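Visitor: The residues making up each chain are set out below.
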Amino acid sequence: MNRDADERAAMAGLWLEAEPAVRAYVFAAVQNFQDAEDVVQQTALTAARRFDEFDAKRPFVAWALWLAKSRIIDHYRARGRQRAVFSETLLDGIAEALVERHPPRVSAHAVALERCLEKLPPKSRRLLDMRYADDASMETIAVAIGSTAGAVRVMLFRIRNLLAECVRGELATDDRP
Amino acid sequence: MEPRSLDEDFRQEIDDLLDAHASAADPTADDIARWEALASRLESDAAARGYFAERALLHASLERSLTRRQLGQWAVEQAHASVRSTASVPRVTWRWATAGLGAVAALVAFVLLVPAGWGRPCATVTRGVGAGVPTAGTALGHEPHDLAAGLLELATQRGGRIVIEAPASFRFESAQRLRLFQGRVSADIPPAAKGFTVVTPSGEAIDLGTRFAVDVPPTGKAEVHVFSGEVIARGDATPARSLRDGDAYSLATNSARELRSAAFISGDEVGELAAAVADGRERVSLDAAARLQADPALVAWLDFEGRDAAAAAGQYRLVQGRWPGSRAADFTEIGDHIPIDVGAGVAYPQLTLAAWVRLDRLGAPYQSLYHTDGWEADNPGQVHWMLTHSGVMRLALRGIQPAPGAVKQQGHPDSRSPVLGEEGRWIHLAAVYDSEAKTARFYVDGVFDSETHLAVAPPARLGAARIGNWNMNDRRLSGRIDEFFIIRRALGDDEIRAIHASGNPYEVARR
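Chains as they are written, first to last, in the numbering used here: chain X, 1389 to 1565; chain E, 886 to 1396.
Keep in mind the hints are simulated off the structure, nothing from the lab. Just so you know, these numbers come straight off a predicted model, no measurement behind them. Ideal Cβ placement from N, Cα and C applies to all residues, glycine included.
Only part of the chain X face toward chain E is listed, based on derived beta-carbon distances under 7 Å: (1) Gln-1419; (2) Asn-1420; (3) Val-1473; (4) Leu-1501; (5) Asp-1522; (6) Ala-1524; (7) Thr-1528; (8) Val-1531; (9) Arg-1541; (10) Ala-1552.
Distance windows between CB atoms, simulated: (11) Arg-1168/E - Asp-1462/X: 49 to 55 Å; (12) Thr-1477/X - Ala-914/E: 20 to 26 Å; (13) Asp-911/E - Arg-1546/X: 24 to 30 Å; (14) Arg-1301/E - Ser-1535/X: 53 to 59 Å.
Let the hints inform the model, and build the full structure from the sequences given.
Guide: Structure below.
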């Protein structure tokens, strides 16, 4: 098709890969849920508008995080009285750590995560569904499964540890010749 | 590389902060202090930063993996909805449009943002009743909504069925969490949506698979009513407690309440109400009400609308009536009542009392519709109109005596049929007294029910009286009243049938 359409498709693909890192970044730096959603949206818009400035030799995720950082700073500036919890230096440090940890092949990582989720016992899977699909609070989950919020916190912590371990294993296996 | 050097408490704290973030709209002061402590640790500790980045990425990846299925469903709903109504485009796209962005940029952004989960709808409107109310197919995200008039029926992502009645102000915090600032909500929650929570200014109700309702009046003092199943109610300052079938509870005062099923509109009722409004029946009702008000025989008329709304002094709540945006009086507390003083010193040979009501079945002996303050033997003809504990309508007049073999209980004329169903609905009640024909006649929903013949029938007398609570004890009222009137004529079968037919808020099967 035309160049615009190609560019849009390229941009959409790159954004999909970088988006978890951008969300991780923005949600860490902006503590109000609605505001964080707004900042992620603003970042996507900026990336779409300024895509011709992106240097394809550099990782897209680094560029996206750099744009997100400006949007985060704008957000706090617009609020005035509301102080940013993360300093600019810390924002740089976290962006750097995210770029470092960002999986080189996002799709392989997603497949590995999918496989690991399938291996979980149903009860663990249900806990994750309540937490992520429903955005339920620890207290709500506790009531639904007849437990305490403290126990739910620890269970989720352990399930995530297992998942992280499992994904690492899956990707290592995947890398074998 | 491995964050073994980081203690488990610190790693747990990171998860806790990221979790708290997703389930609460605003961080508390305590949350902010914890984030600040985290930030100061991250500033100085590169290993901590690395672990934090890894964990935040895992959270974001899980969020994407576990919400994908629902995004797919949403996309399908959007595709359907956009064919029907332009209002179904998520609010955010309007924001882009008004920001002056080009259509291409907006399209790119839309394509990009759908997978990002922005505006992921928490619920979809299945029916909207009233002008300006979102129409079927509209997706509701996290944005706040004010419903000034009408009704909204919603399906949540997980199949919960929710009805919200105006005036209401609400916002979905997630597909499973509805924040209700004001309004009345009834919910029918299937097992798949167990855990659905309604958050109010005075606490929250967590559903465990059931039918329940929440009432948040303008004061914010919320009540939870459970029709079936189990709900956990947690007041802001009180421990959680379990409510079951038939329980009602005030989150604000931490005390039990009487179940008020009539206070809430159920999903089944919405369809009938919507059809009548769509049919233009509200106009028909207003015209008929205007004709009645012009009747020279009218003694009293209360519809709580317009200028006269303030005239009806008393202790009650002004809530929505039978039509979107119309008004009715709601009696919720034991002492609630409206004083009404008409016709003092006049003897009425004939009298008709009628009203649209939406009442609860109470354990209490009487629901008091209209009671003259006095009931003295030397002032025969004083009127007490009520429903008894068995749900029949009673028209008691001081000094009357039923004829031998007449329909009566405890010496008073009663309707033959109970007038209240198990669940509250709008019904039309009328009682006609005729001292010359020596009869008391009863009508339910425009249909003649029964007639009590009287041996002694003095003319009726009114004067100072009350609608609603009469003596703070066994005469009470729980529910709504609309278009209450007294007329000094004995209305006939046809007239009463016509009054019901023109004011009926439910769809009528057409021939």
